[in-house]
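Hey, can you work out the whole structure from these sequences and the hints?
So the chains spell out like this:
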Amino acid sequence: MVSPKVFPLIIYGKLVLPSRLPHEYRVLASHPGTCAALVRAIEEIPGGFGWSGASAAPHSPCFAFIRRAGHDVVLRLLDVGQDDTGRPHCFRMEAALVEDSALTADDHLLAGLLRPQAWPLQEVQIVNPAVVTLCADGQPDARLVKVIAAHRRGGVAPSILVGDQRSFTNSLFALVHDPLASSV
Amino acid sequence: MSIHPPENPGAIPVDDNASCGGCAAQSSGKKTTRLCLLGAESAGKTCFIAGLGILGEPQRQSDFHVLGRNEDSQKYLNELVNALHARIWPPGTTQTRFVELDVRYKDSILQLSLLDYRGEEFRRAFCDLDKSRLEQLWAHLEGVRFLLLVLDPDLDLQRGGDDSHQEDRRRRERLNALLQALFQVCHAQIEAGKRTRPPEVAVLLCKRDRHPELGGEISARTFLKTRAPQLYRRLLDWSPRLGVYSVSAVGAVASDARIPGGGNTLPARELCPTGYQEVFDWILWRKGAGARTLGYGLAGAAMAIMMLIAVAWWAQLAWNQSRLHDNAQASALAAVDGAVWLPTHGYKARLDALVGAEFHRLEQRLNGEPGLLEMKEIIAAASCLSRCRNSQFQLQATEFLRQAQQLRRGALLILVRSLYDQRNAGFPEAASAFLVEFPQGQDADGVRDMQKNRRVQERQRQRAMVRAVRPEELHFLARKADAIAVYVAEFAAEDPSVSEMRRAEKLARRLAGTATYMIRLRACGIFADPQRHGIRILRKDNEVRFISGGTSTSNNWGPEEASFLFPWEPGDAIAVELWNYRWYWKNQVAAYAFAEGPLSLGIFCGKHKLEYGDGWNSADFSDGPYIKFEIEGLVEDDFRILNNWVWPGDQW
Numbered sequence: 001m002v003s004p005k006v007f008p009l010i011i012y013g014k015l016v017l018p019s020r021l022p023h024e025y026r027v028l029a030s031h032p033g034t035c036a037a038l039v040r041a042i043e044e045i046p047g048g049f050g051w052s053g054a055s056a057a058p059h060s061p062c063f064a065f066i067r068r069a070g071h072d073v074v075l076r077l078l079d080v081g082q083d084d085t086g087r088p089h090c091f092r093m094e095a096a097l098v099e100d101s102a103l104t105a106d107d108h109l110l111a112g113l114l115r116p117q118a119w120p121l122q123e124v125q126i127v128n129p130a131v132v133t134l135c136a137d138g139q140p141d142a143r144l145v146k147v148i149a150a151h152r153r154g155g156v157a158p159s160i161l162v163g164d165q166r167s168f169t170n171s172l173f174a175l176v177h178d179p180l181a182s183s184v
Numbered sequence: 001m002s003i004h005p006p007e008n009p010g011a012i013p014v015d016d017n018a019s020c021g022g023c024a025a026q027s028s029g030k031k032t033t034r035l036c037l038l039g040a041e042s043a044g045k046t047c048f049i050a051g052l053g054i055l056g057e058p059q060r061q062s063d064f065h066v067l068g069r070n071e072d073s074q075k076y077l078n079e080l081v082n083a084l085h086a087r088i089w090p091p092g093t094t095q096t097r098f099v100e101l102d103v104r105y106k107d108s109i110l111q112l113s114l115l116d117y118r119g120e121e122f123r124r125a126f127c128d129l130d131k132s133r134l135e136q137l138w139a140h141l142e143g144v145r146f147l148l149l150v151l152d153p154d155l156d157l158q159r160g161g162d163d164s165h166q167e168d169r170r171r172r173e174r175l176n177a178l179l180q181a182l183f184q185v186c187h188a189q190i191e192a193g194k195r196t197r198p199p200e201v202a203v204l205l206c207k208r209d210r211h212p213e214l215g216g217e218i219s220a221r222t223f224l225k226t227r228a229p230q231l232y233r234r235l236l237d238w239s240p241r242l243g244v245y246s247v248s249a250v251g252a253v254a255s256d257a258r259i260p261g262g263g264n265t266l267p268a269r270e271l272c273p274t275g276y277q278e279v280f281d282w283i284l285w286r287k288g289a290g291a292r293t294l295g296y297g298l299a300g301a302a303m304a305i306m307m308l309i310a311v312a313w314w315a316q317l318a319w320n321q322s323r324l325h326d327n328a329q330a331s332a333l334a335a336v337d338g339a340v341w342l343p344t345h346g347y348k349a350r351l352d353a354l355v356g357a358e359f360h361r362l363e364q365r366l367n368g369e370p371g372l373l374e375m376k377e378i379i380a381a382a383s384c385l386s387r388c389r390n391s392q393f394q395l396q397a398t399e400f401l402r403q404a405q406q407l408r409r410g411a412l413l414i415l416v417r418s419l420y421d422q423r424n425a426g427f428p429e430a431a432s433a434f435l436v437e438f439p440q441g442q443d444a445d446g447v448r449d450m451q452k453n454r455r456v457q458e459r460q461r462q463r464a465m466v467r468a469v470r471p472e473e474l475h476f477l478a479r480k481a482d483a484i485a486v487y488v489a490e491f492a493a494e495d496p497s498v499s500e501m502r503r504a505e506k507l508a509r510r511l512a513g514t515a516t517y518m519i520r521l522r523a524c525g526i527f528a529d530p531q532r533h534g535i536r537i538l539r540k541d542n543e544v545r546f547i548s549g550g551t552s553t554s555n556n557w558g559p560e561e562a563s564f565l566f567p568w569e570p571g572d573a574i575a576v577e578l579w580n581y582r583w584y585w586k587n588q589v590a591a592y593a594f595a596e597g598p599l600s601l602g603i604f605c606g607k608h609k610l611e612y613g614d615g616w617n618s619a620d621f622s623d624g625p626y627i628k629f630e631i632e633g634l635v636e637d638d639f640r641i642l643n644n645w646v647w648p649g650d651q652w
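First to last, the protein sequences are chains A and B.
First residue of the first sequence? That's 1 in the working numbering, and the numbers climb one at a time after it.
First residue of the second sequence? That's 1 in the working numbering, and the numbers climb one at a time after it.
It should be emphasised that the hints constitute simulated quantities derived from the structure, not laboratory data.
All residues carry an ideal CB built from backbone N, CA and C; glycine is no exception.
Be careful, since some hints might not be right.
[What the hints assert, rightly or not] Over 12 Å on every C-beta distance to chain B, these chain A residues come out as not near it, computed from the model:
(1) V6
(2) G86
(3) Q117
[To be verified] Some residues of chain A that are not near chain B, with every Cβ distance over 12 Å (derived):
(4) G48
(5) L77
(6) T104
(7) L109
(8) D137
[To be verified] Listed next, the in silico SDA-like pairs over lysine to any residue satisfying Cα-Cα at most 25 Å (straight line):
(9) B:K131 / A:L172
(10) B:K75 / A:R68
(11) B:K607 / B:E500
(12) B:K131 / A:R26
(13) B:K131 / A:R68
(14) B:K131 / A:T34
(15) B:K75 / A:V156
(16) B:K131 / A:E24
(17) B:K75 / A:A37
(18) B:K75 / A:T169
(19) B:K75 / A:A69
(20) B:K75 / A:S167
(21) B:K75 / A:L172
(22) B:K75 / A:S60
(23) B:K75 / A:D79
(24) B:K75 / A:Q165
(25) B:K131 / A:S60
(26) B:K131 / A:D164
(27) B:K75 / A:T34
(28) B:K131 / A:A69
(29) B:K75 / A:R40
(30) B:K75 / A:G53
(31) B:K131 / A:C35
(32) B:K225 / B:E369
(33) B:K75 / A:A181
Put into structure tokens, the structure is as follows:
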């Protein structure tokens with residue numbers, strides 16, 4: 001049993017407030033002490049991911065694991081609806097930095113972090129210091145656990161994206177796992 | 001679960017036209033035209049692609065056929081098109097991706113390779129020249145043939161007078177990034193020898209639906225020139241054949257009631273992308289120009305062996321005809337510039353139509369009280385028309401050119417005179433511009449006279465500025481030296497006293513700081529009744545005293561007895577007293593001198609007469625009371641120069 005843990009967080013996205021100039025995608029908050037190289041590496045992640053679909057309705061969040069700048073990062077990728085210029089599918093990313101390697105070394109715990117239940121219900125507020133409380137407890141998707149186990153190389157988990165495949169395009173994560181497809 | 005091997009973000013699967021020397025041909029064997037959309041966030045890059053997709057729809061009456069060359073590109077295109085049909089804008093781009101399109105337009109097939117990306121990253125990458133950002137774009141730019149600079153008229157060309165500091169910075173960054181990217185492509189790559197010629201550049205003013213004044217090329221160009229004249233000039237510097245077009249991916253917009261007070265818009269129900277034809281006409285024109293240039297070059301070289309002169313003449317004829325033949329949409333001026341047309345009826349008629357239309361437009365512009373800059377453009381255009389032989393308008397164009405030049409000459413002269421009268425700092429530049437354009441005639445002589453007068457006035461003004469540096473100011477000597485240096489730098493060639501001024505500047509700088517000087521007493525006045533006497537020098541609380549060894553007739557002030565180190569800082573007052581040491585004499589101070597002011601040190605340079613002390617008169621001295629000192633490193637003439645040019649500096 002793993003109790004909820006607090007993780008340092010980096011939030012990337014754009015503000016949705018009225019403005020004369022449209023807001024820009026940028027790092028909105030990062031935990032104090034996070035190294036610049038890691039922040040920069042996190043900034044590059046959206047370049048490999050995009051929401052797709054011609055409907056204006058927001059998509060369900062996706063979850064991902066990736067190793068960047070020597071750090072294990074668990075991500076929640078959110079569609080927060082319209083941006084300040086009225087364009088749909090405004091992107092937001094919450095990147096939790098996993099400093100405890102035991103969490104990513106265990107397939108069950110890692111799969112547990114890639115579930116909606118592990119994350120707060122609402123998007124994390126921008127506060128200082130930026131942190132998020134995650135809980136890896138609960139029953140993870142068994143097929144996801146197997147996939148992670150099968151693709152571990154040298155004990156390192158593969159980069160993996162978990163979500164509805166119809167809602168995004170991906171050119172960054174090596175594995176894509178669609179929980180709906182696997183349950184059918 | 002599916003396994004997707006990650007795409008290589010740096011992979012560029014395309015080749016360019018002949019302009020890209022280092023790129024390999026694509027596997028299909030055909031050449032791909034690399035077209036790059038450059039723009040910051042929300043400029044309209046993705047919508048431009050979406051509008052292209054709409055134009056290529058099968059049920060639409062248009063000259064465009066647009067198909068994705070691979071599954072990803074087609075899916076992406078469909079998604080963008082479907083979004084606009086659903087009356088929602090495409091989402092803001094986050095994922096960087098190549099869009100490979102086959103565009104058939106007017107019997108030409110273009111294989112386009114475009115890159116869609118986050119505008120924010122573009123802004124940061126190129127504003128800071130951070131090559132680690134958007135590596136795909138840096139790589140894509142290396143072989144790009146066509147650069148489309150995507151600008152939002154509201155975001156990029158609005159004069160942000162009341163912007164906050166942050167907004168102002170972002171606006172600057174947006175345009176900086178564009179210019180930097182242009183620089184990288186046009187300059188750096190040519191320098192590196194990767195290209196034989198720079199890419200073709202056009203400005204796309206997007207969101208034309210919000211600006212009714214944006215129409216064809218001319219109005220778009222006028223809009224850009226009016227809103228951002230400096231940017232336009234800079235872009236022309238990099239790309240003299242710059243195209244300027246306006247486009248709208250949807251044709252019209254409706255206000256979005258879903259966002260209260262947001263002022264946002266929705267695509268109109270009926271989608272009607274506009275402005276794309278002009279852009280693609282330009283692309284085909286420029287693409288053809290390159291191929292033709294190469295073709296004619298090779299043909300000319302081969303035939304030159306046989307019939308050099310004749311072939312060259314015919315090649316030019318054919319070249320000009322082809323320009324007219326397949327570029328109906330291109331600027332008339334570009335088509336007719338320097339043209340020699342075959343005197344066949346068909347071509348002559350088309351030539352006359354082109355020239356006539358352009359001539360009419362120019363007349364309208366000239367009658368519309370154009371500004372100086374616009375007059376210059378009109379003159380350039382008229383000059384182009386007047387060079388077009390075989391046109392029925394050639395004579396009229398020549399006369400029109402003369403009138404336009406006369407008008408500009410008059411307007412420019414009024415400006416020059418007005419700047420002269422107002423003593424405006426812009427006068428020298430305006431006068432030079434006038435003389436470059438109109439170097440002959442009475443007006444030119446008048447402007448030259450104005451230049452001379454202005455120069456004299458300027459000299460007087462500068463001299464007054466030097467004179468105005470007074471010792472009330474702190475660091476007077478240093479400031480005076482600076483003022484002299486400025487004057488000398490400007491007027492060295494015109495002022496005969498410049499060598500003295502330079503010396504005065506050096507001396508003033510030397511005396512400007514606190515220093516210790518080696519001073520020697522050389523002589524002093526002699527008492528009529530020989531006595532022992534001495535000299536006392538006072539500065540602040542310091543005193544230096546010398547007493548003669550014998551009587552005053554035999555006193556000896558050799559260097560060993562009468563030299564001393566004297567600390568002095570500018571402005572220190574100095575008193576020198578001649579003393580008599582005879583105990584019963586009337587008063588001990590027989591004579592004295594007192595120096596104050598910035599150059600009081602001058603008392604030690606040369607011979608100075610002393611004032612009589614109380615109870616003393618000329619009968620008491622056989623050789624009037626005086627002192628004579630020397631300062632190491634300074635001569636008497638230095639203090640004359642200082643007196644003339646530094647303090648009081650009456651020569652100014």
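Quick one: which hint numbers does this structure break? Sort them smallest to largest.
-> Violated: hints 2, 4, 5, 10, 15, 17, 19, 25, 26, 27 and 29.
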